[in-house]
Every structure is written in C-alpha cells, then in structure tokens.
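If you're matching them up, the sequences are chains A and B in order.
For the first sequence, counting from 1, position 113 maps to 115 in this note's numbering; every step adds exactly one.
For the second sequence, counting from 1, position 59 maps to 856 in this note's numbering; every step adds exactly one.
Calculated directly from the structure, the hints in this document are not laboratory data.
Mixed in with the good hints, there may be bad ones.
Claimed, not checked - To spell it out: a stretch of chain B is covered by chain A in this simulated footprint if at least three of its residues, at any positions, have a beta carbon under 8 Å from a beta carbon of chain A; those stretches are:
| id | stretch |
| --- | --- |
| 1 | 831-840 |
| 2 | 857-868 |
| 3 | 871-878 |
| 4 | 906-912 |
| 5 | 921-931 |
What the hints assert, rightly or not - Using 27 Å as the maximum straight-line C-alpha spacing, the simulated DSSO-like pairs for lysine-lysine come out as follows:
| id | chain 1 | residue 1 | chain 2 | residue 2 |
| --- | --- | --- | --- | --- |
| 6 | A | 258 | A | 305 |
| 7 | A | 384 | A | 258 |
| 8 | B | 907 | A | 238 |
| 9 | A | 305 | B | 907 |
| 10 | A | 419 | B | 861 |
| 11 | A | 258 | B | 907 |
| 12 | B | 929 | A | 419 |
| 13 | A | 369 | A | 384 |
By construction, the Cβ of each residue, glycine as well, lies at the ideal position given by its N, Cα and C atoms.
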Amino acid sequence: MSYAGSYRFASIGQLDELVMRVSLTRQSTAFNFGHPILPSNASDELSLEFRWQEHIARATNRLFTINQEQLSNNLNLVKKSFSDRRRSFLADCSKRPRSSRDEKSVGPQYVVGSNPERLLLKKCVSMFVLADFTKKIGTETDSENLLDATPLDTGHVLVELHLIEDSYGFQLRVIPDFSDEPYTLRGNSENTYIMSVTVKKPNVLQDLQISFPRPTNEKSVFLSKKMAEMSIAQPKEGQIRTTIFGEIVSAVGFPKNKSLFVLYTASSPHGWSLLGKRAEDELNATFSSISLRYRPPGAAIAKNIAHFGHPFHFNYTTTEPENLPRMHFKVVHFDVNTERYHTLATGSASVGESNLARVPLVRTIPKGFVERLRERFIGGSKCLTGIVVGQKIASDSYTVPEGELIVRVQVLRQSRKYRLEDLLIESQLRLLKSSGQTLSTVQVALSAFQEARLKMIQARQEQKQIVDTEVSNQETRQRSAQRRTR
Amino acid sequence: MAELHLIGQIESFEVQETGRGSASFYCDYRLVFDWPRIVFEVWKTDSLNRSEIFGYGVAHLPCKAGFHNLTVPVWRPVGCNAEEVQRQFLGGGYEITNFDALAAGTERYKLLTSGTGVIRLGISIILRNLSKFGVRTS
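Extracted from the complex, chain A is given alone in its bound form (with noise of 0.2 Å):
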C-alpha cells in the first residue's frame, strides 16, 4: 500500500464530475494464495459509487454508509445516483431506528468519511473509504452518532483520498495506487475480498476541458445553422446601458519565448455602475501565451508576439455618459521553476468608441541598486497581485516603456431617449408617407418657397448690380466734373 495514484486538476469545481467507483468480491479462500489475483470464480460483488464533489461541498454529510438493504444480500448495488442513497439513508436514519434486518445483515459495510481533523487545512483534504467486515456496525449506533463519529475508528480503510493544493492547481492522490491491479484485504471473518477502485477522470482541467487525442484518419465536417434570440431589456428612464465587449487580441514586444498572462479589470467613473453578478474589483485573467518572433501580416519588421484572443464582457449603466470607463491590465509571467509572479508591464485605456486600441504598457523599475538586482536575480512576489486601481507610481522608482496590448473593444448603447428619438423620426416620415397629399402639398410649398427665394436673390442682386452702375457713374460723372474745373 506504498503506492499512489495521482491525478490532477485544474480547480475544486472541475470535481463535480469526478467518478470513483470502489468495488469489493468476495473471494473463496481456496483461491487466496496471498497475491494480488482476479477473482476467477467471483461469486459476488459489491461495488460502490460516488461522486466527489458532494463529499467536498457540504461538511455535515461527509459521513455516510451505504443502504443496508443492498448489502444485506451480497447483490449488487442498483445504480442510482449518490446524492438520491444519501437522502434516503439519512431520512431513514432520521425517521426511525435501524431495524432487526439491518442488524442481521451480512457482508461488508461500506463508511465514506473525512478526517475531521485535517479537513481545517487548507492545502490538504483527506478522505477514506471505509468497510467493516463485521456484522455489528451500526446497530450500537444512531444516525447522529454514527455521522458524528470518526471514519478511522469504525472499520478498515480501503482507500486513501487527499486532495492536494499546490500552485498548479489540484491533486488527487489516491492511496494505494489501483490504476495496475486490485488488492487483496482480508476482513475480520474469514472472507477475503479483492478491491479494486478506478476513478474515472472525464476532464483534465475545469473550464477548458482538454484532452490529449492522438490524430485521426477521419473527421467529420459538418456545419450547422444556429438561431438564438437575445432578449433586450429597456433600461429605466433617463439610464444609459452600455455594454463594453471585445477581445485580448495579442501582446507585442515582451521577450521571446516567455509565457505571459494579462490580468484585466475595469473601473467605473462617477455615475457609473457595474451590471451583473461580476465584481467591481474582481480579477480577470487570460491564459498564459508563449511571446514568438513573428512577421504579422504587412507588417515589414518581425515581433514578439503572444497571441490571446481572450473575449471580454463588462455591462454598465450610467446616467453621466460624458463620463468614460477605464480597462486596466497587467502583464505578467509565471516562472514555474521559481514558482513565482514577474510583473512585466502595466496599462489602462479609457473605453468610449469601437475601435482596435493599442494600450501602451509602462514597467516600474526601482531606483534603487539593491532592488535593482534584486528584481533582476530574485524576481516577483510568491502570491499572485491584483491591479491597483489610480496606484501612484512611488518616488523611489521610474518607469519604461515595455511593449504595448492590441485591445479590440465595441461599445453598444441602450436608452429610452435614444428610442424616443428614433420614435420621433419614425413618426414624421410615416406621417409623411401615409398622406400622399399632405407630402405633395408640402412638397409644392417647399418649392415654391425655394423659387420665391432664388427670386428674391436674383432681384437684389439685379438691385445691386443696377445700384452699383448707378453709382459708378456717379463716380465718372463727379471725376469728369472735376477734370472740367481744372
């Protein structure tokens, strides 16, 4: 029992479709030589299946046993769902005291539970399953006792589970490690039973579900029409929605070769709230991307670029729009070896119009020689920092121009007004197309008006030009009088 499998996750969440199944056959002594065998001639079997996440979520039933009318007989246990087992063992422990054919009953019992007291750290979660080969379980005990009890002290451990947070996520280490062959346990009766336990692991990581295909000579193509309908709620009088959407598109100019994350967030003016069930200041990160030499399409020079494509989603409403929010980002990259978080490069960009921004990043640098080098050999902090929101930049430090951030950001406004508006509009030209004669009617006044106007212009320039005549000759009149008196 040396050994341990392990098997690794991205978050807690990603357990919720974890499977275990534990089974248990009784073996005949006859065939028990001492090694780690197959049931040949198994004539029973019990089998045990549960889901993780629900041992993680709820502490008060982390403790439970299995249906004893199942196991009473040594058949095999009807597939049902674990929480559907749990809900009617604890209504039936609740409801009335265990009853003499639960006392009678044969076989193993089968007990999932946590050690209370590791369950208080953080960075480990243990827990076992149980059996007790004897008939005596539960028959001394009520329902609150038993779940209140300590899994160590009421049978054998099967299995071994902890869940380990480390830096990289989730680890569930099972012990002994069955992904080879069962084991072999001998019970305090004279059975022997052969274990075996698979865990069945349908996702590697939670949110980005990967898996590690090998190529195929086949793939189907196929595409498909798709229709949804978006609902779009007015917002209230005098409000304006704004939704802020776009994408991370790449970062440029950061070294090559190193694996970089943007961290993003959005700060919202006087006036301005956040829509949704995001969090103001909650933390926003994009995957990590390896920065590479690459030409882009017509550009002349190559770069260093790391692709993200990271879609963004911010919902607003605002009664000020003259004000405009802020995006803030920060560039950073994880060492592994170091286990450490290197700030790189940090910027912000106000949002107002649909456009391709190019953020330009800044570093801080300190002035000082000794964090100078340390900075250079030591690196980032060991936790991962948010973005400081209007942080000033220290007097013991400058900054330097480090790469820029390519942001596609689109803006869609919402309003009442803006309806109203178009309503307006909508109104006067339906008016205007309903009444064929009120069109024709106001088109004969417009264009009698625009003539009687150019008229008018046509007139005072004509009264212009006769009055200038008149009065250049005056002019030559005066000039020729003048002439004679000399």
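Assemble chain B onto chain A, guided by the hints.
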C-alpha cells in the same frame, strides 16, 4: 425582434508555427451567443491524411453595420516537453472540448498556449430593428 445578418468569408489562414512537412488546413466555426462571437477550430491534415487540431480562435462580431476586415489570432494549448516532442513526431495534442468557458474564469492562466497563426476574415454585417430597442452602436 432585432436581427443581425452575417455575410462573409474566411479569406486566409497565415501559419505562424513551422511544422514538419507539408500540411493542409481547414476551419470549423460556430457562433456563441451573447453578443455573438465566432469561434474557430483550425484543423491540420498532414501527408498521412491524419487530422489534428492546430488551433483555436475567438472573435466578437463587429457591432457596426458594414464591411469589416477581422484578424483573429489562433492559439493552441501546449503540454509539457515530453508531450510537445510526442506531438512533434507522432502528432496529436491537447484539445479543448468546452468552448463556453472561454468567456469566464480566473485560473485560466495555468493553461499554457502558443500562437499558431492568424485567420483573416472579410465579413459584412447587416443590423435590423436594433433601434426598436433603443440600441445604438458607437
């Protein structure tokens, strides 16, 4: 009901990553709805007629009506060194099976990716009846 009509074509895929031998590429795409964004899967078919994933790309559709040239960066998940060597010689690689999670998540930086190229799109957007809901695109 507001409508958005998308008409266009995938113009080209420019490969950034240099692989072994000659290969051909083709794209799968689908739309994800909120404000609609288009998700690409770029597949690579090598000389042995084996298909494998070559990258993914995500882009929101423009909210302005008219013709747009879009450039969508394409990336693929990267494994450890042994897996990369395996991928280099035997093919295969990590695949993403759930695209809906691309829009949210905080611990995503633990997924390491590498850029593989750029998809160039030429699309036309027709918007209809958005003004009925008081929506204006800037």
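Each hint tested on the structure:
Coverage of the stretch 831-840 of chain B by chain A holds. Counting CB-CB distances below 8 Å, 5 residues qualify, and the rule asks for three or more. By the rule of at least three residues with a Cβ nearer than 8 Å to a Cβ of chain A, the coverage given for the stretch 857-868 of chain B holds, with 5 such residues. With a cut-off of 8 Å between beta carbons, the stretch 871-878 of chain B has 5 residues touching chain A; three or more are needed, and the interface restraint holds. Evaluation of the coverage hint for the stretch 906-912 of chain B: fulfilled, as 7 residues show C-beta separations to chain A shorter than 8 Å, against a requirement of three.
With 4 residues bearing a CB less than 8 Å from a CB of chain A, the stretch 921-931 of chain B meets the requirement of three and the coverage assertion stands. Taking the CA atoms of residue 258 of chain A and residue 305 of chain A, the gap is about 9 Å. The hint holds against a cut of 27 Å. Under the criterion of a C-alpha separation no larger than 27 Å, the hint pairing residue 384 of chain A with residue 258 of chain A is consistent with the structure, at around 23 Å. Using a Cα cut-off of 27 Å, the hinted pair residue 907 of chain B and residue 238 of chain A is violated, with the two alpha carbons roughly 41 Å apart.
Using a Cα cut-off of 27 Å, the hinted pair residue 305 of chain A and residue 907 of chain B holds, with the two alpha carbons roughly 25 Å apart. Of the pairs offered as hints, the one joining residue 419 of chain A and residue 861 of chain B holds, with about 20 Å between alpha carbons and a cut-off of 27 Å not exceeded. Proximity of residue 258 of chain A to residue 907 of chain B is assessed by CA-CA distance (about 19 Å); at most 27 Å being required, the pair is judged to hold. Straight-line distance between C-alpha atoms of residue 929 of chain B and residue 419 of chain A comes to about 12 Å, which keeps the hinted pair within the 27 Å bound.
Simply put, residue 369 of chain A and residue 384 of chain A have alpha-carbon atoms about 22 Å apart, close enough for the 27 Å limit, and the pair holds.
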